[in-house]
Each structure stands twice: as structure tokens, then as C-alpha cells.
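Go ahead and model the full structure; you've got the sequences and the hints to work with.
Counted from 1, the sequence shown has number 85 at position 85 by our numbering; the numbering is strictly sequential.
Among the clues, some could well be false.
[As the list claims (entries may be wrong)] Taking lysine to any residue pairs in the SDA-like style, the calculated list, with each CA pair at most 25 Å apart, reads: (1) Lys262 <-> Lys294; (2) Lys14 <-> Asp329; (3) Lys253 <-> Val319.
[To be verified] Label-pair restraints from in silico Cβ distances: (4) Thr97 <-> Gly298: 43 to 49 Å; (5) Lys247 <-> Thr361: 27 to 33 Å; (6) Ala215 <-> Glu188: 21 to 27 Å; (7) Lys247 <-> Ile50: 26 to 32 Å; (8) Ser143 <-> Glu250: 42 to 48 Å; (9) Asp220 <-> Glu130: 37 to 43 Å; (10) Ile99 <-> Asp220: 29 to 35 Å.
Read the hints as simulated data drawn from the structure, not as lab findings. This one's a predicted model, so the numbers in the text were calculated from it and none came from an experiment. Even for Gly, the Cβ is constructed at its ideal location relative to N, Cα and C.
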Amino acid sequence: MPYHQTSCSSNGSKTEQEKPTSLDSQSYFHSIKSLSHDQSFNLGTHHQCIATLEGQNTYTSSLVLAGKYLITGSSNKEICMLEQKSLTSTVDAIIDTVIAGKGAVKSLVILADKVFSAHQDHKIRVWRIENHNSVTPKIVHLSTLPLLSDRALKFMIPKNHVQIRRHKKSTWVHHVDTVSALALSNDESFLYSVSWDRTLKIWRTNDFKCLESIANAHDDAINALEISQDGDVFTGSADKTIKIWRKGFEEKKHSLVCTLEKHKSGVNALAVGTNTHFVLYSGACDRSILVWEKDEGGDMVLVGALRGHKNSILCLAVVADLVCSGSADKTVRVWRGIERCYSCLSVIQGHSGPVKCLTVTSDQQIPSDTTSCYILYTASLDGETKVWKLFVPLL
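This is how it looks when you write it as C-alpha cells:
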């Protein structure tokens, strides 16, 4: 995917472009406590756009950081590897590009030198970054999931076939619609995938075998996926719900633990907080980011909402005590919470289309006793991927 880099100053899930109508009533917004307040500790926060990568007739649909590299997936089936430090100084930042399948690359995750990619053509692909420490690293294709051996063995046994349409069957190891999100277990032994086919699947990462498939996990397309530190699996769907799945110590299969039903429109994004107590953030077409915490009994409870975006929430990312949200209103908001009191530190403008995906990392190259620095990558349906430096005062 050809990019042009310039300097600048300070399509997606199945429901993300839905514009809520009934939500304009004030009753919905008053029914859930707002956690966002105007506070003085947002003073001193500022951001600077340090690079813009412009795609040609395409947009970046997924982003992930892999050590010193930024890996991007595009709407036209390309996966690109870029060197992070080159994004601020050279035009030729792309190190390698591969063409994968058909349609958009919806999600990317990193496991050591491997890259797992989720695709609109219903497949999951596995890649290796070879010559990782050389000046000419390459992305090499390893496998496509489900594996041929997995497909063949399941095909031979009739009980492994499931009905997917009126006159069509498939084996349970296949996704039969867009694979929308991926996530790794905390010990990196398992890869989880969700799809618009409403299934949740679990794969073993050492041999890529499909171990489990939960059919009809939701009533509509599944758009988002997150794993908590204790191993709980969270799925967010166009059916407006978030479901929690868990596999007990001696159990062979995951089971549904709880369904969270406070959103008034399709759920597009999930993110897990990094605080000492567990926090889950969920973003939806209802323009709200809901904040969930575990109570003393281990149950998820809604503590409130972050409001400010004027359109659907499309993506979320967490670093340290910050939450970054991208929206169809073309902006990115940066939030920080202190004891359930959140402040919007910054509203980042610069994109001319919905912000489809983002990722953020701490910048250790600028040590300071008063300020934390972060590098934020944002990609929009306008075809641009932007790189920002974000400066946040220490508390």
C-alpha cells in the first residue's frame, strides 16, 4: 500500500455507522451516571501531530505495535510493516508489504515474531517476521486457519457439520463471515477469534488447531473482543450486549457467565484497563463509553459513562491511566480517571473521516519529572494514518 508522509500541526463493524435516533431523548443520558467532569488536572495536556501517512484509494482498518515496528492492515487486503522511528523522519517508512486474501484486514495481534491477522474473507492468517533485527525484515506467510488438516478431519465426520444457511453446511472450525477481532490469552497459549457469524472460537497457538467453537454466542454480529487478566473473555456485539465467557479450572469448554445490557445500540469496541482493580470500557453507537468494574463478589457492575463524542464510538485503547477513544465524529478523545472521576484531557482533531482504529504506547525517549509522553497512532476512513505525540502532566 503506497503511503506518502507529510507533516502536520496540532468502514468497519456491522453497526458502527448507525446513527442513533431514539437516543436523542434526554432520558437515556440521564439514566446512567456521567463520570466525566471538568477538572483542573487536564491543564498542561497538549498534543502534536508528527506525521501523516496517506493511503491511495484505501484506508487502514487495523493497527498493532510489534517492538520497533508498526503493523497495519488495510481495507484492500494489504498488511504493511513500518519502522516506528522512521515515521517522523523519512518518507520511505514501509519496510515490507504483503497481500492477504480478499477484503479488509480487520484485526492484528502479535505473538513473539508471529502476526495473526483476521480477514473479511472469513480466514485467520499467521505470519512470521523474519530477519527481525536486520535492516531488511520480511513478513512471511506461515498458515491459514483453519488448517487443511483440521478441515479434512472435521469434514469426514458428519457430527462436525453445522447448518449455516438453509441449504448449506460447514464444519464448526470454519468462520463463515468476516472475522472481526482477535485476542490472545494471558499466557499466549490460545488465540480467540470472533466473527460476524456470531461465533467465538478458540485456537491453540503452538499448532494452530481449533479447540472450541461457541455457536450463536450473540444474537447478531460480534464486533469486539477482550481478555481480562484473570482469563475472562468479553465479547461485544451489534445486538447491544457484552457477554462474559469463562472456562473453569477443570472444565473443557467455555460457558456464559454474564450478559451486560446497558448499551442502547450496537457495541463496537472494548478495552481492559490497567489499574490495580479491573475496569472494562465499552464503546457503542449510542455515543457513550461505559465504564464497568468488578465488585467484591466478582460481578461486573456499571459505574457510569464517559460522554462527549457526537457520534458512534468505533475504537478504544488503554495505556497507563489513560483511555483513548476514536469516533465517527472524526475526533479522538483522551480521558484520565481518578477514583471514578474522569476528565477529558484532550480532543484531538485532524481527521476528515471517522476514526476507525487506534493504538497508543508510552514514549520512553523523553524522560521528564513533570510530564508523561505517549505516541498515539490513529487511522481514519479518510485514508490517513496519523502519528501524534501526547504530553500529559504527571499527577
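Comparing the hints with the structure gives:
Taken as a hint, the Lys262 and Lys294 pair is honoured in the structure, with Cα atoms around 16 Å apart against an allowance of 25 Å. Using a Cα cut-off of 25 Å, the hinted pair Lys14 and Asp329 holds, with the two alpha carbons roughly 17 Å apart. Taken as a hint, the Lys253 and Val319 pair is broken in the structure, with Cα atoms around 31 Å apart against an allowance of 25 Å. A hinted range of 43 to 49 Å for the beta carbons of Thr97 and Gly298 is consistent with their spacing of about 45 Å.
With their beta carbons about 30 Å apart, Lys247 and Thr361 fall inside the hinted range of 27 to 33 Å. Checked against the given bound of 21 to 27 Å, the beta carbons of Ala215 and Glu188, roughly 26 Å apart, stay inside it. Roughly 43 Å separates the CB atoms of Lys247 and Ile50, a value that falls outside the hinted 26 to 32 Å. The supplied range of 42 to 48 Å is broken by Ser143 and Glu250, whose beta-carbon atoms lie about 30 Å from each other.
A hinted range of 37 to 43 Å for the beta carbons of Asp220 and Glu130 is consistent with their spacing of about 40 Å. The hint said 29 to 35 Å for the Cβ distance between Ile99 and Asp220, and at roughly 31 Å that hint holds.
Of the numbered hints stated above, those contradicted by the structure are hints 3, 7 and 8, listed in ascending order.
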